[in-house]
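J.: Following the hints, position chain B against chain A.
Each chain, written out:
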Amino acid sequence: MIKLEQINKYYALEEEKLHVLKNINFEIKEKEFVAVMGPSGSGKSTLINLIGFIDKKFEGTYLFEGKEITDFSDKELSAIRNQSVGFVFQNFSLIENNTVFENVELPLLYNGSAYTDTKKRVQEVLAKVGLADKGNKYPKQLSGGQQQRVAIARSIVNSPRFIIADEPTGALDSKTSEDIMQLFQDLNKQEGVTIILVTHNPEMVSYCDRLIRVKDGAIVEEELIK
Amino acid sequence: MKNYVIWKTALKSILKNKKRSFLTMFGIIIGIASVITIVSIGNGFKRDMIDKMSMTNTNENVSNITFNYYDVANAFKEGEVFKKSDLDLIKNVKGIKKVAFYKPKIILTERQIELNVRGKKLTKKVERVEQTSAPLLSGRQIEPKDNETLNKVVVVDEVLAQKLYGEPEKAIGKGFEVMNELFTVVGIKASESGTLSMENQAPLAYFPIKTYDHYFNKPDSQSILDLEIDAGEDKAQVTSEALKQLNFNGSMRNIGEYEVYNPKSDIDQMGSILDNLTLFISAVAGISLFIAGVGVMNMMYISVSERTKEIGIRRALGATEKDIRKQFLAEGLTLTLLGGMIGYLLGMILGVVSSIFLPFAVRPDLFTIGLAVGISVLIGVVFSYMPASAASKKDLIDIMK
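Order-wise, the sequence lines are chains A and B. Counted from 1, the first sequence has number 144 at position 144 by my numbering; the numbering is strictly sequential. Counted from 1, the second sequence has number 1268 at position 268 by my numbering; the numbering is strictly sequential.
What the hints contain is simulated information worked out from the structure, not anything from laboratory work. One or more of the hints may lead you astray.
[What the hints assert, rightly or not] Pulled from the structure, derived: some chain B residues nowhere near chain A, Cβ distances all over 10 Å:
| # | residue |
| --- | --- |
| 1 | 1005 |
| 2 | 1018 |
| 3 | 1022 |
| 4 | 1066 |
| 5 | 1138 |
| 6 | 1145 |
| 7 | 1169 |
| 8 | 1182 |
| 9 | 1224 |
| 10 | 1271 |
| 11 | 1276 |
| 12 | 1315 |
| 13 | 1381 |
| 14 | 1396 |
[To be verified] In the SDA-like style, the derived pairs of lysine to any residue whose C-alpha atoms are separated by at most 20 Å in a straight line are:
| # | chain 1 | residue 1 | chain 2 | residue 2 |
| --- | --- | --- | --- | --- |
| 15 | B | 1394 | A | 95 |
| 16 | B | 1008 | A | 111 |
| 17 | A | 57 | B | 1395 |
| 18 | B | 1002 | A | 79 |
| 19 | B | 1322 | A | 137 |
| 20 | B | 1012 | A | 139 |
| 21 | A | 56 | B | 1396 |
| 22 | B | 1002 | A | 102 |
| 23 | B | 1002 | A | 80 |
| 24 | B | 1309 | A | 97 |
| 25 | A | 75 | B | 1395 |
| 26 | B | 1012 | A | 75 |
| 27 | A | 56 | B | 1013 |
| 28 | B | 1008 | A | 17 |
| 29 | B | 1008 | A | 97 |
| 30 | B | 1393 | A | 72 |
| 31 | B | 1008 | A | 114 |
| 32 | B | 1012 | A | 136 |
| 33 | A | 56 | B | 1002 |
| 34 | B | 1309 | A | 215 |
| 35 | A | 140 | B | 1311 |
| 36 | B | 1018 | A | 111 |
| 37 | A | 119 | B | 1008 |
| 38 | B | 1393 | A | 76 |
| 39 | B | 1002 | A | 115 |
| 40 | B | 1012 | A | 102 |
This one's a predicted model, so the numbers in the text were calculated from it and none came from an experiment. Note that the Cβ used here is the ideal one computed from N, Cα and C, for glycine as well.
Bound conformation, chain A alone (with noise of 0.2 Å):
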């Protein structure tokens, strides 16, 4: 589903070029559960917001779905965020001034859903996550673990192709992050969800079918799990 090939990627820092991807080359197929590790600073971060069209400048080819995703407008790559691919982050990020249910509601609305139309899918992710009862709430009023249910359901609010989880666990205890994962693994077993996680806490890797290592921009190591 996803092919990467000969990408490259530099940052300009004043005189400097910055060479943060070398040569990557990879794979991810449908229904795969994949983990992206490394140390700060590998460039994984970069190489996700790539894989999540919100970088476009960079060398190499990227082929989504067989498609070439090249000089896209603002207009389409919005379009392939809005409905191929869902984010998770570390901090949650949902709009604290909407409630639950309005930050769910959001993607749907920006793939231009009327208000009328939104309530029955929200319902219905919000269930999945297991926060049914939770919409009318403001994001403050939660704990850490359910509002990153609220960022799951909101990344698969729209259905799409797959997710990118940058750190999940990264901002909770031991026992939430479990849950959390196991959330993860639910959806990737029985939805089929497509899964690329980002981590840098091995215990993370066992929910996974398999590891990319990154460093210093390049990928070192691809393992299968189990």
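T.: The following block gives chain B in isolation, referenced to the frame of chain A:
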């Protein structure tokens, strides 16, 4: 994203920051309110003037001639400006269909007459009426039938009656001589000031209007003429020919000049003074609106930088640059429109309240509504476009860090 979803989002974020939003709107409210107050009062005044001054004869083929004295003092001495000979003179000018006295809509009912009071000649104000209704000391009121039958009757003021007949009560049934015509006193009106001196501005006698006009033959203002010109003739040319005749042979040619009179020019003149005043106050209000606009811009910039994270989230969830720009534009516009609406209401209330003390009505009209909406939309767009663009142009990679 659907437009009304964007509007709702904008409205919500404005309501979220009620105090700040209100303070930002304040300048706009003041600016719009002052513009609306002055414009609505001005419009009310103009409407009133046009109502009062517009001619009964709106015929296209009519022009008016008036007479200007060289010495203004003469204007008070001479009773008639246009005599029958003058009318005959211009009737013969080619192209003139009809000559008549100009009839204003509001008929002046007052007249100044000379009275003989114990050998002294006094010029006093009298009133021509259909009927009287003022409280009487004795006798009866003037009734409509007095007019119909051209009854030579008069109701006189208590003080005048005292001067003429000794005691007010004795005046009933006595004769009242005006310019060699004898009227019968039928009623005595209670005096308001109790004096005959100059400070008494109330009329001293009331005549049935038809009777008065019948005997003194001064039906209407005779200082302005209506010239009706034959269709097909050049109005300006015929009028100037008539003027030439009058200035050559007119009865008053030695003490003044005959001129074209345009009743609309008075209104136009008043209107232009008012327009200048409106312009001046609008300019002052414009400065206040400009500063208010800068305030809106400031608040929008603050809002954008405060909500960088929110913008990032929205972009990641699929908002296009255009969606973000629209959202912030809508926020600025809603703010200024709300301010404009409140300002309009305030201005209208001020206008209506001040119209209690003014002799004309102030009411909302489409022009002022359009003005308020137009100005607020303009300010909203002009001053939120840059912050909204800045919000939409934020680099997604930078804000996702």
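J.: Does each hint hold? Answer for all of them.
T.: Tested hints:
Look at residue 1005/B: its CB is around 5 Å from the nearest CB on chain A, not clear of 10 Å, so calling it non-interface is violated. Non-interface status of residue 1018/B relative to chain A is upheld: no Cβ of that chain comes within 10 Å, the nearest being about 13 Å off. No beta-carbon of chain A is positioned within 10 Å of the beta-carbon of residue 1022/B; the least distance is around 18 Å. Every CB of chain A is more than 10 Å from the CB of residue 1066/B (nearest about 70 Å), matching its label as outside the interface.
For residue 1138/B, the shortest C-beta to C-beta distance to chain A comes to about 82 Å, beyond the 10 Å cut-off, and the non-interface label holds. Look at residue 1145/B: its CB is around 75 Å from the nearest CB on chain A, clear of 10 Å, so calling it non-interface holds up. Residue placement check: residue 1169/B keeps its beta carbon more than 10 Å from all beta carbons of chain A (closest about 87 Å). With a cut of 10 Å on Cβ distances, residue 1182/B stays outside the contact zone with chain A, its closest approach being about 89 Å.
Against the 10 Å criterion, residue 1224/B stays outside the reach of chain A, whose nearest CB is about 68 Å from its own CB. Remark: the non-interface label on residue 1271/B is consistent with the geometry, its nearest Cβ contact in chain A lying 51 Å away (cut-off 10 Å). Every Cβ of chain A is farther than 10 Å from the Cβ of residue 1276/B; the closest lies at roughly 49 Å, confirming the non-interface assignment. A cut-off of 10 Å between C-beta atoms contradicts the statement that residue 1315/B is not in contact with chain A; the least separation is 7 Å.
Annotated as non-interface, residue 1381/B keeps its C-beta farther than 10 Å from every C-beta of chain A; the closest such distance is 22 Å. For residue 1396/B, the shortest C-beta to C-beta distance to chain A comes to about 5 Å, within the 10 Å cut-off, and the non-interface label is violated. For a cut-off of 20 Å, the pair hint linking residue 1394/B to residue 95/A stands: about 18 Å separates their Cα positions. For the proposed pair residue 1008/B and residue 111/A, the alpha carbon gap of about 16 Å is at most 20 Å, so the pair holds.
Under the criterion of a C-alpha separation no larger than 20 Å, the hint pairing residue 57/A with residue 1395/B is consistent with the structure, at around 12 Å. Distance check on the hinted pair: residue 1002/B and residue 79/A sit about 14 Å apart at the alpha-carbon level, within 20 Å; holds. Using a Cα cut-off of 20 Å, the hinted pair residue 1322/B and residue 137/A is violated, with the two alpha carbons roughly 30 Å apart. Only pairs whose Cα atoms come within 20 Å are accepted, and residue 1012/B paired with residue 139/A is accepted, the gap being roughly 17 Å.
Between residue 56/A and residue 1396/B the CA atoms are separated by roughly 10 Å; this keeps the pair inside 20 Å, and the hint holds. Simply put, residue 1002/B and residue 102/A have alpha-carbon atoms about 15 Å apart, close enough for the 20 Å limit, and the pair holds. Distance hint between residue 1002/B and residue 80/A is fulfilled; the C-alpha atoms sit about 18 Å from each other, no more than 20 Å. For the hint linking residue 1309/B to residue 97/A, the alpha-carbon distance of about 12 Å falls within 20 Å, and the restraint holds.
Of the supplied pair hints, the one linking residue 75/A and residue 1395/B holds, its CA atoms being roughly 15 Å apart against a limit of 20 Å. For the given pair, residue 1012/B sits about 25 Å from residue 75/A by alpha-carbon distance, which is inconsistent with the 20 Å threshold. Between residue 56/A and residue 1013/B, the direct Cα distance comes to roughly 31 Å. Violation of the 20 Å bound is thereby established for this hinted pair. Taking the CA atoms of residue 1008/B and residue 17/A, the gap is near 45 Å; set against the 20 Å cutoff, the hint is violated.
Taking the CA atoms of residue 1008/B and residue 97/A, the gap is about 13 Å. The hint holds against a cut of 20 Å. Only pairs whose Cα atoms come within 20 Å are accepted, and residue 1393/B paired with residue 72/A is accepted, the gap being roughly 16 Å. Only pairs whose Cα atoms come within 20 Å are accepted, and residue 1008/B paired with residue 114/A is accepted, the gap being roughly 12 Å. Our distance criterion of 20 Å between C-alpha atoms is met by residue 1012/B and residue 136/A, whose separation comes to about 16 Å.
Restraint check: the Cα-Cα separation between residue 56/A and residue 1002/B comes to about 26 Å, which exceeds 20 Å; the hinted pair is violated. At roughly 29 Å between alpha-carbon atoms, residue 1309/B and residue 215/A are farther apart than 20 Å, so this suggested pair is violated. This hinted pair checks out: residue 140/A and residue 1311/B have alpha carbons roughly 19 Å apart, not beyond 20 Å. Only pairs whose Cα atoms come within 20 Å are accepted, and residue 1018/B paired with residue 111/A is rejected, the gap being roughly 30 Å.
Distance restraint check for residue 119/A and residue 1008/B: the Cα-Cα separation of roughly 17 Å lies within the 20 Å cut-off, and the hinted pair is therefore satisfied. Restraint check for residue 1393/B and residue 76/A: the C-alpha separation of about 16 Å stays at or below 20 Å, so the hint holds. The straight-line distance between the Cα atoms of residue 1002/B and residue 115/A is roughly 9 Å, inside the 20 Å bound, and the hint therefore holds. Restraint check for residue 1012/B and residue 102/A: satisfied, since their Cα atoms lie roughly 12 Å apart, inside the 20 Å limit.
Of the numbered hints listed earlier, those contradicted by the structure are 1, 12, 14, 19, 26, 27, 28, 33, 34, 36.
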